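Asker: Sequence:
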Amino acid sequence: MLQVIFSFFLGLVVTAFVGIGVNTFYPEPQFSMGGESSWSQWRLTTSIILLICATAVMLLSLAIADAGPVLANGALLGGLFTMIYAVGMGVSAGAQWSRFAVMTAALAVTVGVGWWKFTRGRRPSVEVAGTTAGALPGEAEVRLSAVEAKLDALGRALRD
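Numbering follows the working numbering, in which position 7 of the sequence shown is assigned residue number 7; successive positions increment by one, without gaps.
Derived by calculation from the structure, the hints in this document are not laboratory data. Note that the structure is predicted; figures quoted are calculated from it, not measured. Just so it is clear, CB atoms sit at the ideal spot from N, CA and C, and this is done for glycine as well. Incorrect hints may appear among the rest.
If you anchor each label on the Cβ, the simulated ranges turn out as follows [said to hold, decoys possible]:
(1) G21 - A95: 34 to 44 Å
(2) W116 - F17: 39 to 49 Å
(3) A140 - F100: 16 to 26 Å
(4) L158 - L62: 23 to 33 Å
(5) A140 - P27: 58 to 68 Å
(6) V147 - R120: 26 to 36 Å
Only pairs whose alpha carbons sit at most 20 Å apart, straight line, appear in this in silico SDA-like list of lysine to any residue [said to hold, decoys possible]:
(7) K117 - A101
(8) K117 - I20
(9) K117 - L62
(10) K117 - S7
(11) K117 - F31
(12) K117 - R99
(13) K150 - E139
(14) K117 - A140
(15) K117 - I52
(16) K150 - W115
(17) K150 - A140
(18) K117 - G68
(19) K117 - I84
(20) K117 - K150
(21) K117 - I64
(22) K117 - A63
(23) K117 - A65
(24) K117 - Q30
(25) K117 - A67
(26) K150 - S98
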């Protein structure tokens with residue numbers, strides 16, 4: 001449980017680090033009357049910078065996956081939270097096509113990294129002696145069938 005909390009907290013700290021870093025090196029424009037276009041451009045540019053940073057952090061999480069799952073998952077969460085931050089900034093930008101391009105890139109990166117993270121190294125199930133693909137061997141199959149029957153009966157009882 002402590003590892004999950006640490007990974008989550010690491011993700012939040014990474015997001016704060018990236019957000020503060022972006023705002024430090026690319027600060028908000030000064031407020032002026034009628035300067036909405038400068039704010040819209042700043043939001044769009046900030047969204048793109050955050051998207052690039054989020055992608056880098058997510059790729060870093062894939063690179064350090066063998067070093068340990070806690071740090072890798074924390075970095076992945078940090079990239080995901082930063083991506084959410086980038087999407088939020090992009091949604092508030094005014095330019096429709098640019099905003100759509102940022103959202104498309106965010107979607108592609110998120111799906112790509114998720115696919116790589118959760119399917120890499122997975123092998124289709126193979127036949128084990130005496131069982132078919134996906135079936136459990138021996139007593140486990142009988143026990144699972146009994147649990148399924150009890151759950152079905154419980155479901156019918158709750159519906160009635």
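Asker: Now tell me, hint by hint, if it's right for this structure.
Answerer: Taking the hints in turn, this is what the structure says about them:
1. For G21 and A95, the Cβ-Cβ distance of about 24 Å falls outside the hinted range of 34 to 44 Å, so the restraint is violated.
2. The beta-carbon spacing between W116 and F17, approximately 23 Å, falls outside the hinted interval of 39 to 49 Å.
3. For A140 and F100, the hinted distance range of 16 to 26 Å is not satisfied, since their beta carbons lie about 49 Å from each other.
4. For the pair L158 and L62, the beta carbons lie near 43 Å from each other, so the given range of 23 to 33 Å is not met.
5. Against the hinted window of 58 to 68 Å, the Cβ-Cβ separation of A140 and P27 comes to about 60 Å, which satisfies the hint.
6. Here the CB-CB span from V147 to R120 is close to 31 Å, well matched to the stated 26 to 36 Å.
7. As the CA atoms of K117 and A101 are separated by approximately 24 Å, the hinted pair breaks the 20 Å bound.
8. Pair hint K117 plus I20 does not hold up; C-alpha atoms about 27 Å apart against a cutoff of 20 Å.
9. Between K117 and L62 the alpha-carbon distance is near 7 Å, which keeps this suggested pair within the 20 Å criterion.
10. Taking the CA atoms of K117 and S7, the gap is about 16 Å. The hint holds against a cut of 20 Å.
11. Pair hint K117 plus F31 does not hold up; C-alpha atoms about 42 Å apart against a cutoff of 20 Å.
12. Proximity of K117 to R99 is assessed by CA-CA distance (about 27 Å); at most 20 Å being required, the pair is judged violated.
13. Restraint check: the Cα-Cα separation between K150 and E139 comes to about 17 Å, which is no more than 20 Å; the hinted pair holds.
14. With a C-alpha separation of about 29 Å, the suggested pair K117 and A140 falls outside the 20 Å cut-off, and the hint is violated.
15. For a cut-off of 20 Å, the pair hint linking K117 to I52 stands: about 18 Å separates their Cα positions.
16. A distance of roughly 35 Å separates the Cα atoms of K150 and W115; the hinted pair therefore is violated under the 20 Å criterion.
17. For the hint linking K150 to A140, the alpha-carbon distance of about 15 Å falls within 20 Å, and the restraint holds.
18. Note on K117 and G68: the hinted pairing holds, with a Cα-Cα distance of about 14 Å set against a maximum of 20 Å.
19. With a C-alpha separation of about 18 Å, the suggested pairing of K117 with I84 holds against the 20 Å cut-off.
20. Our distance criterion of 20 Å between C-alpha atoms is broken by K117 and K150, whose separation comes to about 35 Å.
21. Between the alpha carbons of K117 and I64 the distance comes to roughly 11 Å, so the proposed pair stays at or under 20 Å and holds.
22. The straight-line distance between the Cα atoms of K117 and A63 is roughly 10 Å, inside the 20 Å bound, and the hint therefore holds.
23. Proposed proximity of K117 and A65 is supported: the alpha carbons are some 9 Å apart, at most 20 Å.
24. Only pairs whose Cα atoms come within 20 Å are accepted, and K117 paired with Q30 is rejected, the gap being roughly 41 Å.
25. Our distance criterion of 20 Å between C-alpha atoms is met by K117 and A67, whose separation comes to about 14 Å.
26. The straight-line distance between the Cα atoms of K150 and S98 is roughly 54 Å, outside the 20 Å bound, and the hint therefore fails.
Checked against the numbered hints above, the structure violates hints 1, 2, 3, 4, 7, 8, 11, 12, 14, 16, 20, 24 and 26; every other hint is satisfied.
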